[in-house]
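With the hints as extra help, turn the sequences into a complete structure.
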Amino acid sequence: MARREFQDNLNLVPFIDLFSTLIIFLLSIAVWDNLAALSLSLGAEDKASVEAPKEDIKKIKSNVKITVKTDMIETFDEGKTDRFPIVEGQAVDFAPVDQFVAGLREKYPDKKDMLVYSTDNAVYENLIGVMDRLYAVDFREITVAGLEQQ
Amino acid sequence: MGVKIPGYHLHAKQDLPGLRKHLHGGQHRRSIHQELTLTSLIDMFSILIIFLIQNFSTQGEMFVTPPNMKLPVATHGQMLDRRPVITVTAEKISLEGAPAGDNGGIDEKIEETDWNLPVVTERLGSYKKFWESLNTDTKFPGDIIIQADKGLNFVYIKRVLYSVAKVGYTNANLAVSGIAQAQPNTSDPNFPTDDPRINSNTAPPGTQQVPGI
Numbered sequence: 002m003a004r005r006e007f008q009d010n011l012n013l014v015p016f017i018d019l020f021s022t023l024i025i026f027l028l029s030i031a032v033w034d035n036l037a038a039l040s041l042s043l044g045a046e047d048k049a050s051v052e053a054p055k056e057d058i059k060k061i062k063s064n065v066k067i068t069v070k071t072d073m074i075e076t077f078d079e080g081k082t083d084r085f086p087i088v089e090g091q092a093v094d095f096a097p098v099d100q101f102v103a104g105l106r107e108k109y110p111d112k113k114d115m116l117v118y119s120t121d122n123a124v125y126e127n128l129i130g131v132m133d134r135l136y137a138v139d140f141r142e143i144t145v146a147g148l149e150q151q
Numbered sequence: 073m074g075v076k077i078p079g080y081h082l083h084a085k086q087d088l089p090g091l092r093k094h095l096h097g098g099q100h101r102r103s104i105h106q107e108l109t110l111t112s113l114i115d116m117f118s119i120l121i122i123f124l125i126q127n128f129s130t131q132g133e134m135f136v137t138p139p140n141m142k143l144p145v146a147t148h149g150q151m152l153d154r155r156p157v158i159t160v161t162a163e164k165i166s167l168e169g170a171p172a173g174d175n176g177g178i179d180e181k182i183e184e185t186d187w188n189l190p191v192v193t194e195r196l197g198s199y200k201k202f203w204e205s206l207n208t209d210t211k212f213p214g215d216i217i218i219q220a221d222k223g224l225n226f227v228y229i230k231r232v233l234y235s236v237a238k239v240g241y242t243n244a245n246l247a248v249s250g251i252a253q254a255q256p257n258t259s260d261p262n263f264p265t266d267d268p269r270i271n272s273n274t275a276p277p278g279t280q281q282v283p284g285i
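Just so you know, the protein sequences line up as chains A and B, in that order. Residue 2 is where the first sequence starts when you use our numbering, and the numbers rise one by one after that. Residue 73 is where the second sequence starts when you use our numbering, and the numbers rise one by one after that.
Please note: incorrect hints may appear among the correct ones.
Said to hold, decoys possible - Distance condition first, Cα-Cα at most 16 angstroms in a straight line; then the derived EDC-like pairs of lysine to aspartate or glutamate:
| no. | chain 1 | residue 1 | chain 2 | residue 2 |
| --- | --- | --- | --- | --- |
| 1 | B | K200 | B | D174 |
| 2 | B | K222 | A | E89 |
| 3 | B | K222 | A | E126 |
| 4 | A | K66 | A | D83 |
| 5 | B | K164 | B | D174 |
| 6 | A | K108 | A | E79 |
| 7 | B | K142 | A | E126 |
Derived from the structure by calculation, the hints contain no laboratory data.
Right, dumping it as structure tokens:
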């Protein structure tokens with residue numbers, strides 16, 4: 002009876018077949034745009050919410066608020082107002098806003114809601130920048146209210 | 073002098089017997105079975121698969137962003153859920169890809185602008201009625217997705233918020249570019265949550281009404 006010859010080579014053909022199929026499949030369903038969302042509720046001071054059903058409107062009372070304007074971001078905390086200028090054509094420096102929201106988080110560890118005002122001519126990207134920083138420190142119940150043009 | 077046929081010079085003067093032997097297979101004939109080096113191929117496949125699986129999204133393409141639109145970037149967004157999508161550009165507003173309003177020069181003539189978007193309110197209103205007819209015992213979640221170019225002024229978004237709020241869409245999700253860090257914040261019954269905003273129609277404790285504009 003002949004001894005069976007020991008096969009020391011791994012058969013890689015099915016392995017490569019599987020990999021190729023998987024790569025084609027994954028490439029075909031790949032989503033290249035990563036999209037997310039920042040949720041907001043409509044404030045009672047906003048024109049928009051005037052028309053909304055009353056029970057859907059979040060009532061606002063806050064000692065803390067952030068206002069996004071064309072040329073500055075204004076923070077307000079219990080009577081103290083700080084203004085951080087926005088220079089047209091330059092990237093907005095959000096570092097002071099980061100410091101402000103980090104300070105708020107330390108001061109109000111359980112607070113989730115935050116009021117953000119925006120003037121009509123404020124740049125949308127700056128509003129999102131402020132909201133993103135609020136989300137970063139877990140202020141996730143953001144109410145956005147419009148201010149009249151200034 | 074007769075014609076002389078030239079000989080094989082290399083052979084004649086500088087013969088390399090070792091090379092000649094090697095070119096003809098040496099002492100042992102070469103096997104026709106040559107092995108391919110597959111290690112690098114498999115390495116590359118593995119890296120590619122790991123990368124693609126990392127990028128794998130069960131969400132799929134939620135909606136199409138117009139090619140000339142640049143969404144604002146955010147790093148702490150939440151996952152998007154399938155909701156009606158309103159696209160806002162400097163020229164127009166579209167609802168689910170269909171034109172639904174004109175934005176021409178809105179930021180130059182805010183006072184004269186008609187804040188109503190009748191097509192938007194009509195379509196969203198009928199969708200809400202349809203939803204409520206299917207879910208009679210559930211409160212309408214009022215979720216909507218708004219995607220707008222990052223360079224627009226807030227007045228464009230405000231106009232849309234005004235119109236959608238009129239028909240009960242008070243939970244707006246602003247689409248941003250970035251990897252979602254959290255689950256969707258939604259009042260849809262399919263996504264149970266402990267968020268007090270969702271489980272209650274009343275204002276959070278310690279709040280009071282501020283007079284409107």
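Quick rundown of the hints versus the structure:
Between K200/B and D174/B the CA atoms are separated by roughly 23 angstroms; this puts the pair beyond 16 angstroms, and the hint is violated. The suggested pairing of K222/B with E89/A holds, with an alpha-carbon distance near 15 angstroms, which does not exceed 16 angstroms. The suggested pairing of K222/B with E126/A holds, with an alpha-carbon distance near 5 angstroms, which does not exceed 16 angstroms. For the hint pairing K66/A with D83/A, the CA-to-CA distance comes to about 11 angstroms; that is within 16 angstroms, so the pair holds.
About 4 angstroms separates the Cα atoms of K164/B and D174/B, which keeps this hinted pair within 16 angstroms; it holds. For the hint pairing K108/A with E79/A, the CA-to-CA distance comes to about 12 angstroms; that is within 16 angstroms, so the pair holds. Using a Cα cut-off of 16 angstroms, the hinted pair K142/B and E126/A holds, with the two alpha carbons roughly 10 angstroms apart.
Against the hints set out earlier in the document, a violation occurs for number 1 only.
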